[in-house]
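Each chain is listed here by its residues.
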Amino acid sequence: MIVSIWNYRKFIWQSAWRDLRHRYAGSSMGFLWNVINPLFQIALYTLVFSQLMVIRIASLPSGFGFAIYLCAGLIPWIGFSETVSRCTNSFVDNANYLRKLAIPEQVFVAQNAGSSFLSLMIGMTMLVGICCLLGHYPAWSWLCLPAVLILLQGFGFGLGLFLGVLNTFFRDISQVIGLFLQLWFWATPIVYTENILPSWFMKWLLLNPAYPFIHSLHAVIVDKAWPAAGTWMGMLFLAFGLPLLGYLVLRKLRPELRDVL
Amino acid sequence: MIRVNNLSKKFKIYANPWSRGLEWATCGRKKLHQEFWALRNISFEVSLGECLGIIGPNGAGKSTLLKILTRALYPTAGTFAIRGRVLSLLELGTGFNPELTGRQNLYNSVHLLGLPKEYLEDRIGDIEVFAGLGDFFDRPVKIYSSGMHIRLAFSLFTFLKPEVLIIDETLSVGDVFFQQKSFAKMREIISGGTTCLFVSHDTAAVQNLCRQAILLERGEISFLGDAVETVSRYYGTIASGRKYDPSFHKTDPADGKPAHELMSREEIIAHNILVKSKNRHGSGALEIIAARVTSEEGRDTLQVEMLKNLTFHLLLHAHEDIISPSAGIHLFDRLGNIVFAAGTRQLGKRLPSLSIGEEIIVKMELQFNVQPGEYTFSLGTSEPSSDLNPHVGFIQDRHELLGPITVTADMDKMLPFYGIAQLPMTVDVCKVIQPRTEGNL
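Those protein sequence lines, which keep their order, are chains Y and B.
Numbering follows our numbering, with no gaps: position 7 of the first sequence is 7.
Numbering follows our numbering, with no gaps: position 107 of the second sequence is 107.
Only chain B is shown next, with the shape it has when bound in the complex (with noise of 0.2 Å):
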């Protein structure tokens, strides 16, 4: 269980050592330094079992706050409790010697983070079978590369079975094979009660690891909540305040179709699925009015068999002038996997630039070619950012957690695939004609 109560951090920043030594010398009376404040504030409780996200673009103070926590450095202000052993993986490899073998550096850090000798005996096979150094397990740490070092400290970690544990990126190295065995530890070591704080920029990784989340800004915690939400709020922040240009975005502008083809604004809010909406955020700039959702067969359901469609008819407001919109769809599955999201931008299609007052409807129809199950979804408008990064957008209206879809399926008949969703594949046929030999058997 971790406690944290109104924790700050305040860095000194001197111009140069005789500041810092002539406001000694007068007792603090003649104030020298600048002050930043790494963090200011920071309250939050992860219950025992719970893992909480930590994000933030570079600079927000998310390693400061792990390191306060690990207690590599002293707060300023406010205090924080951790109940059980603290296992931080800011730690690793660290303490290796490079002139060590990788068995005996193990050894090693078992005896830096005060544990029993014992403690690593028992459980030194399975650590080399996860880490899957082969030879190299017996050589020196010097000469392996930075992956292999990673990962035979990520072994060692999480096998040390911690009550606390507390990691930062390197979840994301080594290769991906590395990562899902990882990734899979993980979960199971969180699954068994261990409680885990997670900072990472592999805002996926946070989705599918934790539960919930805290958005970390400039030393402040801007957002506490759902993960996914979080995410998303995360990338409103890095491209909030930047003007867009519409010229990146080659995109085709939306065939206008006749009024007569879509529903009409008053069909949509009358069967508004969004009454129910919590999760919410976003400039607002383009409001999401309502959104409706029928079956092929123009029922109103959130039920759906599996590669039959959903419709989703959205209406939309603009408060503002807006420039190339986009309206979009996520899907989650249960594990808060994003099984798909995509927008009328990465289909290829411009929505109409709004002024203000106009409001606009869109149809979105979307083929659930996934397993069948209960899903999350969540509905979206942005505008694109002008970073020239196509992949971010700045997000003005996004309901989160709507749903849940139950995608169904006939489960006495062979399903159509197995996995997540399903990938375009065909199949062709031809028998080999073989020559005949005679006489060889």
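Same shape as in the complex, but just chain Y (with noise of 0.2 Å):
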């Protein structure tokens, strides 16, 4: 699977490229989009809860505060959903170029999961950016920063990648999957914090994998701490465990698969 992927790199570059540029084809700022709806989003949430409802977070300043936890979880968790949803597409979506070309299939899968790394990337920019103008300046920490995202960029490719099997075979994962993001996003604690919660409620949020991403992201940006050992393990283990558990199911199924599309 690897080395199909790195044969195709160039494509699944440049048409995840393609597609952040043509996303917004047609209106008139284009590309600019990319950048302005993470930014208004950041800004939405910085104005609402620094202004309107206030929660304080010990370690950052005052004002501000909750509204950089806020976006440390949520703009990754929107890349994160992003690329399960689209991933998960990515088979039925592409079944024209499927059908008739030889292009292995988890090409596509890496090519969406590509696309919505580039506008994390943009996304993570604006937001270490504004932190900076709202005097919560960048630790050494932050420097993991950039593995921490492509490792839950890789759980969400793997994610993705087997549930993109499935859904090809049974098309209602597809919806069953817009629903489940909304739960799950509300099953880790990106717009709560974790010490709200009930405390029954925290042994179950050791089985939500998002969770380990979620909460080194925290640590990261909110806290200006290094990860946990703990946490990193975690982390490996589901950004390298999916994508094998997709590569399976894709062999297994890869005979039928063109079949059905």
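One thing to keep in mind: the hints can contain errors.
As the list claims (entries may be wrong) - Okay, derived cross-link-like pairs now, SDA-like style, lysine to any residue, Cα gap no bigger than 25 Å in a straight line:
#1 Y:Lys10 / B:Pro98
#2 Y:Lys252 / B:Leu22
#3 Y:Lys252 / B:Thr76
Unchecked claim - FRET-style restraints, in silico, Cβ to Cβ:
#4 Y:Val48 / B:Glu121: 51 to 57 Å
#5 Y:Cys144 / B:Asn58: 58 to 64 Å
#6 B:Glu121 / Y:Leu253: 36 to 42 Å
#7 B:Asn279 / Y:Leu245: 53 to 59 Å
#8 Y:Val3 / B:Glu45: 29 to 35 Å
#9 B:Val275 / Y:Leu253: 57 to 63 Å
#10 B:Ser145 / Y:Lys252: 42 to 48 Å
#11 Y:Leu236 / B:Ser145: 50 to 56 Å
#12 B:Ala15 / Y:Lys10: 41 to 47 Å
#13 Y:Arg251 / B:Arg187: 38 to 44 Å
What the hints assert, rightly or not - Which residues of chain Y face chain B? A few of them, derived with a C-beta cut under 10 Å, are:
#14 Ile103
#15 Arg171
#16 Ser199
Simulated from the structure, these hints should not be mistaken for lab results.
Predicted model, so just to flag it, every value in this text is computed and none were measured.
For glycine and all other residues, C-beta sits at the position ideal for the given N, C-alpha and C.
The two chains are supplied separately, each in an independent frame; assemble them into the complex guided by the hints.
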């Protein structure tokens, strides 16, 4: 799988980049929307949670503190859920190519994951910039942000690959995933902090595979700390385990996959 | 080189996705799908520089076969090996992005095929000229007509000089000028040593480009052999199994000549040219027992001077009751083009209906208004098909690849015409009487 993705790396990056460029094709500001959208989102949350609904975070300056906490989890989550939902549809959406071309299936999943990753990087760059503006300056620990984000996208890619294969056979999955991602979002401490949770829920939180990622992002961005070794292990396990699972399922079902497209 | 070995493809058909889920849940112990074999035990070989045609009715498995060979589908059983870089015209234009211009799309496609950019840079000028899109070459593909779309793609593919080329229908698109250009290009590619697989409903194109062809029926190879024979068998399969309605073909009965004007049964058998015939097919209900070919002087010969006649005497024997049969001849040039084909039906003559055991003698006289050269011909009998299609007959007996007939000409004299065949042409002349204008010069 890795070999085929490497062989098609140029195609993947080109089409991911093209996707970003043409996502807003026809609008007069075009590519700028890729920047405006996350910027607007961050600004909106900052405004609401610093002026209207003030929640204090211990390690952050009052006022903008919660907004930074929120964005630190929300922007990666948006990138992650976009990756999962788009990868789930990647075979169905690219049926036109798959029916006729010999391009390996996983290339299309990688392409979707790539384009979500690019827009996630834009969003994170905006976030870092805004943090600086708000007086929350970067620390050395922020250097591990790209690694965490890549692992998160690896997890999303693997999950998307797994679901994408199944979705080809059972088209309801893409609908179910839309609902499930909403549930997952609220089950993960993104818009709320962990300390408000009842203690019985904390046990369940450890079973939430998105938790180690969001937890480390909070730790890195908000508390300027390095993620714990156990968290790294969890993230590495998911970021490599899910693609492997997806690949095994794909390998098993590959002969039939294109028959049903 | 392409080698295909016992290739089979099975599709599983489930009533709904749930039954697939249920089958998976029981690890396949409970079988809930219907099997559909799109291909069964397909084996063939195309050697280097050959062009193999594949024809067959809709749903025979042609596209499935091509998709497997281009690795867009996985076979259920069997293997295949293709040596050399494969390009498939199935992919034609699928990679085009409507927002990009023709030129940008070509670069994009080359990328998609995994070829270096320089490869295209050397050829883009030729491609632009060949495609003949003019200004549109640098305009977005979304404003192209479908014909222009194909032209762009075809131009690219022909210039990529693949070692193995897989083509389907696409050749019969575009206007007649582009088609001729495409065919010329195809011949050039084939003669340049490219191995070709050509799938088409366009039987003329198959006969034209391929020496050999496969007839695919319900996923199986029902015939593999000479392209011309495959095509005529293909027409046989379309028409088979249908009853004939005699009221449909309104033809006059052929005037029964007094017996002495035609050759006798024994005279035909004595000089039968069919004894050497090797390519024969058809249902055999109306058998061509013997055929004799004579010149205007009555000599047995297959050599004829340009614009002179040859006479074909056929002795037919009915093994079944047959309504309104027809007997005819096909003439092919050395490229495999059908120069001319007609039977008694096309001439508006109806042969008498025959009952079992009856025999008739048919005499056909053909004037060779064709270029000097070597021609092959086929003789056949057929019964009209029922389905109101006047172009399709059910072949009873057909002898292929007879001849060669040599058409000669006195090369010291001017030829009476140029081109494949002489068409009726008349000339009228008169001088223009100009009014006198004085002093103007």
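Going back to the hint list, which numbers does this structure go against? Of the numbered hints given earlier, the structure breaks just one, which is hint 16.
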